[in-house]
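S.K.: One-letter residues, chain by chain:
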Amino acid sequence: MSKTIEEINQKIKSGKAVVLSAEEFKKLGEQESADSLANKVDVVTTATFGPMCSSGAFINFGHASPGIRMEKISLNGVPVYGGIAAVDGFIGATETLSPFDMYGGAHVIEDLVSGREVRLKATAKGTDCYPATDADVMISLNNVNEAILYNPRNAYQNYGAATNSETEKRYTYMGVLLPRFGNINYSTSGELSPLLNDPLLRFTGIGTRIFLCGATGYVAWSGTQSHLGRERNKNGIPLQPAATLAVTGNLKEMSTEFLRAAYFEKYGVSLFVGIGIPYPVVDADAAHDLLVRNRDIETEIHDYGKADHPWLATVNYEQLQRGHIELNGKQVRTAPLSSLSKARQIAELLKRKISKGTFLLTEKIQDLPGSDSLNGLSTKNGGLQ
Amino acid sequence: MKQRFVFRFPTDTIDIPVSGHLICDFGLKLNIFNAYINAGEEGNLALEVEGPKSAIGAGIKFVRSKGVQAEPIEKHVQIGMESCVHCGACTSVCYPGALRLHGETRLLQFNADKCTVCELCTTACPLKIIKISFAE
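For the protein sequence lines, the chains are V and P, in the order given.
Here the numbering used here is used: position 176 in the first sequence is 519, and no number is missing along the way.
Here the numbering used here is used: position 127 in the second sequence is 1171, and no number is missing along the way.
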C-alpha cells in the first residue's frame, strides 16, 4: 500500500501522523520489514550538523539619506561582496580581511544571529542619484531589511575521510591530521545524514522544505559540485562525494544553537550548518532506502599528506564511528568533524515540529539539475603566461 | 620529565643566579615564560624545568635552600563546554584519550587525569573554546 505526500500532510494536520527520527526508524527495522514499516510510519526525520564552507548571507542594509551606492563594504572589518545593487551585499562564510585571520564571515553571521550589533563600513565614489561617499554605522538583524542565508553547497551526500602519511602535521579543512597516519577524520552523520537516506533524490528536489539552522528553509537548487554519476556500492550508496544542495532561509529566524562559526587552524574560517530533512514514507521502497545502516554506507579514506589526496582504503561508517580502524596493519584513531549529537537534536526537533503540525512536507517542484561528471581546472597549460 | 614553577625572590635573594645553577650544576633545561627581576624589589620567575625527576628534585631543593620560594604551577586544559557543539575534532588529536565522544550520546567527555596538556586540542578545536590555563 502506498501513500501520497498530500495524504501524509493531512495526517500531520490532524495530529495523526507517525513521525520517527531516522535512528528510531532503523532500530524498528531490525525487527520489521520495510513493507510493514511503510504501513506504520509516515515521516522519518534526518539531519546533519557539520562545517560547510560554501555558505553565506545576502543582506540588504537599507537606504541612508542621502543615499549611498555601496561599493567597498565590510562588516566588523570582514569584506562583504558589494558588486550587486546599491545597499545589497553578500558575506561569504570563509571571507577574512587577512589570510590568517581567525575572525571571518562566519563569525559575522554568527554575531548577527546571536543578536549582536556589527559595524558596517562602506565607501562609494558618489553618483548623482546616490551622492553619499561613506557610511560607518552599527547594524543588527533588527534594523537591516532582509538577511537571507544562501549556501551554494551544503549537505554533501557522503564525503571522503582524511589521513596523513607524511612526517609533519597537515592542517586541513578536514581538521588537524597527525603525521604517519596518526588519525583519520570523517565528516558526515552517517545513517542519520539526509541525502544518504534518499540515495536517488526521489524526494529531495527544488522547493523541498527543510530545517535550516533553526529556521524553516528550502532547497533552492542543486548544490555546486553536485556529481550524480558517482560509483555506487551494492546498497545503492555513492562511494564518493555525490549530490549536494543549495539551501536558503531567513537568517533572522535562525539560532546559534544550529549555526556556529568555525576556524580550522592554518586553513581558515568555515560555518557549522545544521540541516534537517523529513522524508515521507510513501511506500516500501522509500522505507527500504530509509533503513540504510552505517554498515551499508561506505566511504573512501584519502591521504592528505600527498598532492591529489590518493585513495588508501574503503571503509564503512560503522567502522569509522567505532573510534579506531585498522589501516595498513596499524590501529588508527578515527574522529568526526560533524556533530552526531547536534544532528540527533535537529532530527528530534524536526520530528516534534511535524508531530505538532507546524511543519508540513513538500512535493519537490522539480528534480535537482545534476551532472554526471565534474570539471577540473587546468592551471598548467593556457591562461596567462 | 617537565615541571613548571614560579620562583619568588625575596629582595635579599635577587642576585642569586638561580637559572645558571640549575643549568650548570643540575643539568636541567629551562624554558622561561615570564620574569620580573629588579634590584631592590621582590622578583618573580615563571619557568618550565626539564630533566630527570631526581635532578629536578635536587635543583628545587637547592633553590629553596637559598631562600627562594619555588612553587609548582600546573597547566590545565579548560573547555568552554557551554559553547561546545561536540563535533569531535579535538578527540582526533588526543593521544592519551583524555578527550573522547561518549559511545552512545556522542557528547564530548574530558578526563583530566589522562590529559598530558600537549595542547594539540587547542589547535584542533574549530570553535577555539579549548584554552590552557596556568593555575598555581
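Please note that a few of the clues may not be correct.
[To be verified] Pairs of lysine-lysine, BS3-like flavour, derived with a Cα cap of 25 angstroms:
(1) Lys1073(P) - Lys1172(P)
(2) Lys1172(P) - Lys512(V)
(3) Lys512(V) - Lys1175(P)
(4) Lys512(V) - Lys1046(P)
(5) Lys369(V) - Lys696(V)
(6) Lys673(V) - Lys1158(P)
(7) Lys609(V) - Lys1175(P)
(8) Lys512(V) - Lys1105(P)
(9) Lys1110(P) - Lys512(V)
(10) Lys723(V) - Lys699(V)
(11) Lys1172(P) - Lys609(V)
(12) Lys595(V) - Lys609(V)
(13) Lys359(V) - Lys512(V)
These aren't lab readings, by the way, just hints derived from the structure by calculation.
S.K.: Hint by hint, say whether it matches the structure.
M.R.: Consistency of the hints with the structure:
| no. | hint | result |
| --- | --- | --- |
| 1 | Lys1073(P) - Lys1172(P) | violated, 31 angstroms |
| 2 | Lys1172(P) - Lys512(V) | holds, 19 angstroms |
| 3 | Lys512(V) - Lys1175(P) | holds, 20 angstroms |
| 4 | Lys512(V) - Lys1046(P) | holds, 23 angstroms |
| 5 | Lys369(V) - Lys696(V) | holds, 20 angstroms |
| 6 | Lys673(V) - Lys1158(P) | holds, 23 angstroms |
| 7 | Lys609(V) - Lys1175(P) | holds, 18 angstroms |
| 8 | Lys512(V) - Lys1105(P) | violated, 39 angstroms |
| 9 | Lys1110(P) - Lys512(V) | violated, 44 angstroms |
| 10 | Lys723(V) - Lys699(V) | violated, 57 angstroms |
| 11 | Lys1172(P) - Lys609(V) | holds, 13 angstroms |
| 12 | Lys595(V) - Lys609(V) | violated, 31 angstroms |
| 13 | Lys359(V) - Lys512(V) | violated, 54 angstroms |
Checked against the numbered hints above, the structure violates hints 1, 8, 9, 10, 12 and 13; every other hint is satisfied.
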